[in-house]
Amino acid sequence: MDINPKFLYSKNDEWVEIDGKTAVIGITDYAQNALSDIVFVEISVSEGDELEASDLIGTVESVKAASDVYTPVSGRVTAANEAAVDKPEILNTDPFGIAWLVKLENEDGFDTSDLMDAAAYQAYCEQRE
Amino acid sequence: MFIPHSPAEREEMLASIGVKSIEDLFEAVPKAQRFPRLDLLPGLTEMETAAQLKEMAEANFSLEDASCFLGAGAYRHYIPAAIDNLISRGEFYTAYTPYQPEISQGTLQAIFEYQSLIARLTGMDVSNASHYDGATSCAEAGILAYHQYRGKRKRILVSAGLHPHYQAVMRTYLQDFDGMRIDVPETVSLDEINPRRLAEMTDDSTAMVVVQYPDFFGQVHDFTELAAAVHAKGALFCVCVNPIALGLLKTPGEMGADVVVGEGQPLGIPPAMGGPYLGLFATRKELARKMSGRIVGETVDNRGQKGYVLTLTAREQHIRREKATSNICSNQGLNALAAAIYLSLLGKEGLRSVARLCYDKAHYAAAKIGSIPGFKVLNSGTFFHEFVVVCPEPVVAFNEHLLHHSILGGYDLSSDWPSLGNAMLVAVTEMNSKEDIDNFCHVLAGDDHDHEA
Amino acid sequence: MTTKHEQPTVFELSSTGRAGFRFPQPDVPSAELDPALERSDLPMPELSELDVVRHFTLLSELNYAVDLGFYPLGSCTMKYNPKICERTARMPGFSQLHPAQPIETLQGALLLVYEMQDILQKVSGFTAGSLTPAAGAQGEFCGVKMIAAYHADRKNDRRKVMLIPDSAHGTNPASSVMSGFTVKPVPTDARGNIDLDGLRALCNEDLAGIMITNPNTLGLFDENIDQVTGLIHQAGGLVYGDGANMNALLGVVKPAELGFDVLHFNLHKTFATPHGGGGPGAGAVVCTDTLAPFLPGPLAAVLEPATEELPPLYGWKMPEKSIGRVGAFSGHFAVIVRAYTYCLMQGADGMRRIAEHAALNANYLMHALKNAYPLPYDRTCMHEFVLDAKWEDAPGVRALDVAKRLMDYKFHPPTNYFPLIVHEALMIEPTETESKQTLDAFIEAMLAIAREAHEQPELLHGAPFTTPFGRMDEVKAAKDLKLTA
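Chains as they are written, first to last, in this note's numbering: chain A, 1 to 129; chain B, 130 to 582; chain C, 583 to 1067.
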């Protein structure tokens, strides 16, 4: 299982990469592996939407499961990744890179107190194996 | 009955399990309630059962012995002999849901062809493998609309021309659905059921507008402008169809429908006192992944053969449980097969002929009834199959009289639609010959009294 | 393997100008139609009757079916479908009835529906019932909605939690949410019963009810069922029974006497109506007097009692506080005719024999297989049982492999990966209509596959080999989404 040491993680297997007032969100390698072949990605928010932490941002679907994706942090949507919608398989091959789902912006910065760092997330995944 | 074991085999099986008697297998059942007396009659043989059922069947007045002018959501059409012959094959009707595609390609390909035929007939991109009936298809369309807007639009605007039972089923399904509201404009006359009025009533809180085509009263409207108006408000447009009418009329797809639902019973399925029927459900391809119910898709097997599987199952209840798009976990498999065979047999030419026959005969009947003193046809525009007749006396009296002549008169609208007066909804299909229609008019006019012995 | 089993579609077989059916020439004048309302194109196939008959016959040959072989399909009760039921359902006095005919012309059919309501009440111990639900999932939806309506009628708007055991079928939570409930899972204990401590913790003033499948999806009768229903009632909740497994209980116990308040039947499971390749079925719902006013309608009822000269007049009736209509008319009548025919032939004595032999067959299979396949809950089962196809010494083999390999032995695979609480679940329900010879042949196949799992696991991964089609690419199907020809 891959983990990006620089990202923060939610219990619902989303990752968030924070850079000052912007955040990028996606699903983890653990999540894509549990879903297996991803066949469909829907991003249900669009540019300008104001989101609270744990609001729904989309759905990821494989042949055997469908999983809702929530934002781990609050903010305004600045971009949704069309590439992930067009080529869902990139979530399997590069979940921490080109298969990001949405970008958020928050003038006040992000509250990350409920999120795990890489080590804690690693332990969280192992405990579920 | 239908249990093959001989006493010796039973003993042998019990011995291998290690119990003395069959009763021993039920020790987990509370003793006080175990093996209650059932207040039923003793079992019958096949001969006795057949005789009893025959007697019960003969206590009914079958459409085979009648001249029928009843429609209102169930229609009498000719069912080609090949249909029953094919759907009676044990390989079809005793098969299970095709979850194992390696040994279910017959069912799967038949459903795929059904989906393709329904998509073509309605002018839509995709169809599911069917819902229970026209009414539940409408309800499922409402649920789709709810999900499409994630509960942010709570209003479903429904034409008063939608079958009253379909309206009722939509209410049953949607009334506890997170504050959804089924809004039917108050209507006292047929003229008020028109696309313009619905366009004016569509607002930003509307998730979906649902119309019927032809509507419950047989009226046919072009919904092209309504569809555009609904889309301008950001809502979805749903058309509930009679599939036979689409042999002749412009498709909902051409008019801009997002979802097409309807009752598939006219496609080779017997009226059978209301069921089982066939719920049509087709959409534009953008909504394909929002469709509830079973869906068959084309793929290939590991030997390189083209084949079919149930697809998009990840959203269904067995995986998503409380987050599923619907709780449905069946389709009307055998009836969908019947419809696929019906459409294949009739084909391009046959489907147009039957639609044309229904259209022409309904117009002949309307003109003829309209010319009987005291009777008035309310439909002013185009109509298909059905039309509303206002009678000089309560409908029930005419129907009773017609029944004496082995004629099933039209549907009595007086309880659902008191504002229309003594109104009867008359349905005419290819099964009504000119002679039938003339006779119906003759009896309605009261001219029959001269001939009664 | 070189034989191709692919069949062309009706569109590929189409040939311009052909027709499989002709209608008579019109006997009335042609009516005018606004050309703007006429469709421009009707892209239907053009085939002869023989084309159509041969095509669908060839398709039928690609199917497995009860008439061809054994379906040990847990939770689905794939028993034999008696042929007489097909004949009675097709009698013109039943099949050619319009739902809106005057009731005076439907007395035989209404009597049949009325009697079927009565039969279902008598075998379940309830006092009211409705045959309008179209399928099990809809019957279940009705039952849950009735519970919601009951609490609403008592102006109790706090009761919004529906408890569902973790072994339950997925329709249970889906139906609950559709009825406005929040779902909370209840754990299963080591013997496969509902965990009583877990249940107690959930019994409070938010409780609306519980949905129980008994015997549950492990095929086990809950040994504490009296306590479970007692706890729920004490807390002010109601008990819904999922009747998918009623084949195990006919004549054995009446759910009403165990404390259930409402239950649905699957006529296509318990009462032998055919599955039709996925439907139509029928999902009657029965209940206590307390819930009767909320039943979906219309029901068959006696409108005018019998007199000395006349029999009673049967008709339709909507219960006074009904949850409403759930279909355009009054249920799947043609399915009800089949089930009624079957029930008449069984009678009081036959009902109990069904459940007894269903349990006999299931226990016979379980005993013969439990040494070769892990059995997670080892106690006497009812009509079905669940194996766990997971061997420490054959780590690569999964339930799916066993299921697929069974097809090479000419058996339909059991239900697999359900219930969710058993990871590699193989859920086996033989039904009472299978003979000892068939069961023995199935045992032999299962034992052979268990040996193969250890000796030649790759054989299982590639299976099936002898079926007309091999494993399908499901990822391609879901990704490319080609839903029409």
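Treat the hints as calculated values from the structure; they're not laboratory data. Keep in mind that the hints are not guaranteed to be accurate.
Straight-line alpha carbon distances no greater than 30 Å define the calculated DSS-like cross-link-like pairs of lysine-lysine that follow [said to hold, decoys possible]:
hint, chain 1, residue 1, chain 2, residue 2
1, C, Lys992, B, Lys452
2, A, Lys64, C, Lys992
3, C, Lys586, B, Lys435
4, A, Lys64, B, Lys477
5, B, Lys160, B, Lys183
6, B, Lys477, C, Lys1064
Structure-based check of each hint:
1. C:Lys992 with B:Lys452: 37 Å, violated
2. A:Lys64 with C:Lys992: Status holds; Cα separation ~26 Å.
3. C:Lys586 with B:Lys435: 10 Å, holds
4. A:Lys64 with B:Lys477: Distance of about 39 Å is beyond 30 Å: violated.
5. B:Lys160 with B:Lys183: Distance of about 41 Å is beyond 30 Å: violated.
6. B:Lys477 with C:Lys1064: Given that 30 Å is the threshold and the Cα spacing comes to 23 Å, the pair holds.
In this structure, the earlier hints numbered 1, 4, 5 are contradicted, and the remaining ones agree with it.
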